[in-house]
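*Asks:* So the sequence lines, in the order shown, correspond to chains A, B and C.
Take the first sequence: its position 103, counted from the start at 1, is 103 in my numbering, and no numbers get skipped.
Take the second sequence: its position 170, counted from the start at 1, is 170 in my numbering, and no numbers get skipped.
Take the third sequence: its position 51, counted from the start at 1, is 51 in my numbering, and no numbers get skipped.
Some clues are possibly wrong.
[As the list claims (entries may be wrong)] Simulated crosslink set (DSS-like; lysine-lysine; CA at most 27 Å straight-line):
| no. | chain 1 | residue 1 | chain 2 | residue 2 |
| --- | --- | --- | --- | --- |
| 1 | B | LYS83 | A | LYS76 |
| 2 | B | LYS286 | B | LYS148 |
| 3 | B | LYS46 | B | LYS83 |
| 4 | A | LYS158 | A | LYS76 |
| 5 | B | LYS346 | B | LYS233 |
| 6 | B | LYS233 | A | LYS76 |
[As the list claims (entries may be wrong)] The following residues of chain B were derived to be distant from chain C, with all beta-carbon distances above 10 Å:
| no. | residue |
| --- | --- |
| 7 | ILE22 |
| 8 | ARG93 |
| 9 | GLY101 |
| 10 | SER103 |
| 11 | VAL118 |
| 12 | GLY119 |
| 13 | ASP161 |
| 14 | GLY191 |
| 15 | LEU224 |
| 16 | ALA271 |
| 17 | ASP293 |
| 18 | HIS387 |
| 19 | TYR388 |
| 20 | VAL400 |
[What the hints assert, rightly or not] Incomplete in silico selection of chain B near chain A, CB under 7 Å:
| no. | residue |
| --- | --- |
| 21 | ASP88 |
| 22 | ILE190 |
| 23 | TRP196 |
| 24 | ARG197 |
| 25 | ILE217 |
| 26 | HIS219 |
| 27 | SER221 |
| 28 | VAL222 |
| 29 | ILE227 |
| 30 | GLY231 |
| 31 | LYS233 |
| 32 | LEU354 |
| 33 | PRO359 |
In case anyone wonders, no lab produced these hints; they're calculated from the structure.
Glycine is no exception: its CB is placed at the ideal position from the N, C-alpha and C atoms.
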Amino acid sequence: MPTDPTLAALLLEHEIRQFYFVEADLLDERRFAEWLDLLTDDVRYFAPIARNIRRGEEASELTREGFDAAWFDEGKVTLRQRVEQLATGIHWAEEPQSRTSHLVTNIRVLEALPEVAAAVEVRVRSRFLVYRNRLADETDILVGKRSDTLVRVDAGWKLARREIQLDQSVLLAKNLTLFF
Amino acid sequence: MHPLVDAENGTISREIFVNPDIYAEEQERIFARSWLFVGHESLIAKPGDYITSRMGEESVVVTRGRQGGVHVLLNSCMHRGMKVCRYDQGNTRLFTCPYHGWSYGIDGKLVERPGQLVGVPGFEQHYHGELDRTAWGLRHVGRIALYKGTIWANWDADAPDFLDWLGGMRAFLDFALDHRDGSEGSSEAIGGIQKWRLNTNWKIVAENFIGDLYHDISHRSVDLVGIGPSGGKGRRDAQRPRMQIGFPGLGHGGLGETPHNSEPDYAPAWALYPEVEAYYRELHEKRVRNLGDRPRVTMSVGTIFPNMSFHGRQPRTILMAHPCGPTQTEMWRIYLVDADAPEAVKDAARHYYLRYSGPAGMTEQDDMENWTYATEASKGVIARRLHYNYQMGLGHARPVPGLPGAVQNGPMAEENQRIFYNRWAQFMTQAGWDGLMPTTARALEDAD
Amino acid sequence: MHLPVPGAHTTALAKRGATMSDGINLLQLEPGARLRLANGAIVELVENPRDGSWLLCRYLADPTDPAVLGDEEHMIFVRDITALA
Ligand code: FES
Ligand SMILES: [Fe+2]
């Protein structure tokens, strides 16, 4: 373990960055079953709906986890069902399969527990730009923010919680067959 | 009747799904005089609460006045058109236009009638006190109806009563809006409305939800996986046999059970959640007691003409297919639960709804793929010369005992679609209300 | 032919109603605030609708029209405010 705190921070950030890049590759190479292995069994996957509200009322800008409607508010059981559905080959919304590219950027480690040099849990904020092209001209560009909690397990990091803030109030895509 | 709709023979020109002129005419002939669902009272619980909603292409503000009444106003400044409210929800006493500052009052302390103009910058100095402020309040809809928490509006003050519009379909809507224990109303909307766009004509959505068991095959992938709240295969728990039941002359219909006078045995439907299962089992007992031998129906899915669809069972939701151009629709989904249900019950329902419906819904996703590319493949000049086929079960409709004005056509038919397009053609060809409403609906029900 | 007139700019501004209120953001005012209006009246802010243009106020003093005094709420437009009182 490095004793220089700057070096420790760089190494941690590098590890997290690599985790995200591997994750993006798994998704864009449609290796969804392997992607599931990057999630803890009790993972929380939540994407609130955004509202247009008056300045000063930001508390109601996003729908609430555990109470309101959302784009996603689920755990591994449902995520696994989604992956199984994609694998059937007759999930028509993804047959033929769409082409996607996940660009993950602005990665910041906000908190490392118990400490940077020996972190077993980190809170990370990032941005995503997901490009999807389907059949010929059906194209979606979905952009937003992610707030993640990653935990260290023997072999590396796993995603324990992900909150996805899509920067749209009316979703300008016909479906969300993709993962963020 | 209408040159493009031959509902008698079950063929309908593809033009009505892609043609911009027909679409423009629909806005006038259908959306400017139909009862349209604009929201749920639980979304505007307190005085001054409002949501912005839609009626056809138009934005409206749905507000609760200080005296508790519900008002629906065109969201467009009477001065020179600016959208006065660009928030999705909030609480206010005034809507002030950002353009030149005209301000409209909502609460009764400021105005006699919500929407009245209460503030005009430069009224004395520049208008010389001569503007007729009472004449330039926000435009109200012609009629409003509140029904078991749902809010409906109609631009046409001469439109028939909402309950006449609903006719016998009311029993099926009741099933979705009533408490699971059989007591009236008392469902509420879960906070947050899913809104999304897709490239299809609004009628493709309405005609699917009016009862299309035939397309079950398109959902085979989710059925193989199984997402129902009891585990096992299928996308919902087993249902008792359903019929296509429709209302000729009104344009509504759905999949449901015909009226019966006793409650069938309890069928477990939430086995994965013991606490929830126990709750529903208990409600079933209450329901048996509450309803006694009164007639009742059940339903899974239905459409109220023109563009409000709802699911009464698993899941339990309201869907609006707002027209957004000849080949674009903005979908709004609201999810319903019993207001007094324990949190665990609401939570299990919510999780199930979200994996079933909406853009991330493992069922609805495949519908939207089909609707989108059916629309795209119907646009070309050659494709447009053709007609869609709605001939299933043609000539096999029969009356429904105990449900005046209704017909049923077995589990799989395109009777309801023919009924829907017949109604559509009536609206598109007849300007006035004369002959548009069957005298049957409520009159028959009252006589029953 | 239209020749520039000295001072026309400020005159136009005054005609448009420009006042000291151009320096006040109504969103920052809280109920209880006292304001002076162009006609010399003094009003107290009762409720701020937070639209940046209007305030619901009651009149404390009005040299031109004593009838407006009292608890009744009046709509006050931002450009009619000259200063915090
Ligand atoms: S358009 Fe609204 S005040 Fe002019
Ligand atoms: Fe479907």
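*Asks:* Indicate, hint by hint, whether the structure satisfies it.
*Replies:* Now for the hints, and whether the structure bears them out:
1. B:LYS83 x A:LYS76: Violated - the C-alpha atoms of LYS76 of chain A and LYS83 of chain B are around 43 Å apart, more than 27 Å.
2. B:LYS286 x B:LYS148: 20 Å, holds
3. B:LYS46 x B:LYS83: Answer holds: LYS46 of chain B to LYS83 of chain B is near 23 Å, not above 27 Å.
4. A:LYS158 x A:LYS76: Holds - the C-alpha atoms of LYS76 of chain A and LYS158 of chain A are around 13 Å apart, at most 27 Å.
5. B:LYS346 x B:LYS233: 23 Å, holds
6. B:LYS233 x A:LYS76: 18 Å, holds
7. ILE22: 41 Å, holds
8. ARG93: 6 Å, violated
9. GLY101: 4 Å, violated
10. SER103: 5 Å, violated
11. VAL118: 6 Å, violated
12. GLY119: GLY119 of chain B is in fact no farther than 10 Å from some Cβ atom of chain C, at 4 Å.
13. ASP161: The assertion about ASP161 of chain B holds, with a minimum of 36 Å to chain C.
14. GLY191: With a cut-off of 10 Å, GLY191 of chain B remains clear of chain C, as the shortest Cβ separation is near 23 Å.
15. LEU224: The claim holds: LEU224 of chain B sits with its nearest Cβ about 53 Å from chain C, beyond 10 Å.
16. ALA271: Fine: 50 Å to the nearest Cβ keeps ALA271 of chain B off the interface.
17. ASP293: ASP293 of chain B is indeed farther than 10 Å from all Cβ atoms of chain C, at 55 Å.
18. HIS387: Its Cβ never comes within 10 Å of chain C, the nearest being 53 Å, so this holds.
19. TYR388: 49 Å, holds
20. VAL400: Nearest chain C Cβ is 53 Å from VAL400 of chain B, so the label holds.
21. ASP88: 4 Å, holds
22. ILE190: Constraint on ILE190 of chain B satisfied, holds at 5 Å.
23. TRP196: 4 Å, holds
24. ARG197: Holds: closest Cβ of chain A sits about 6 Å from ARG197 of chain B, inside 7 Å.
25. ILE217: With Cβ-Cβ at 9 Å, over 7 Å, it is violated.
26. HIS219: 9 Å, violated
27. SER221: 4 Å, holds
28. VAL222: Holds. Min distance 6 Å.
29. ILE227: Holds: closest Cβ of chain A sits about 6 Å from ILE227 of chain B, inside 7 Å.
30. GLY231: 10 Å, violated
31. LYS233: With a minimum Cβ separation of about 12 Å from chain A (threshold 7 Å), the hint on LYS233 of chain B is violated.
32. LEU354: 6 Å, holds
33. PRO359: 5 Å, holds
In the structure shown, a violation is registered for the earlier hints numbered 1, 8, 9, 10, 11, 12, 25, 26, 30, 31, in ascending order.
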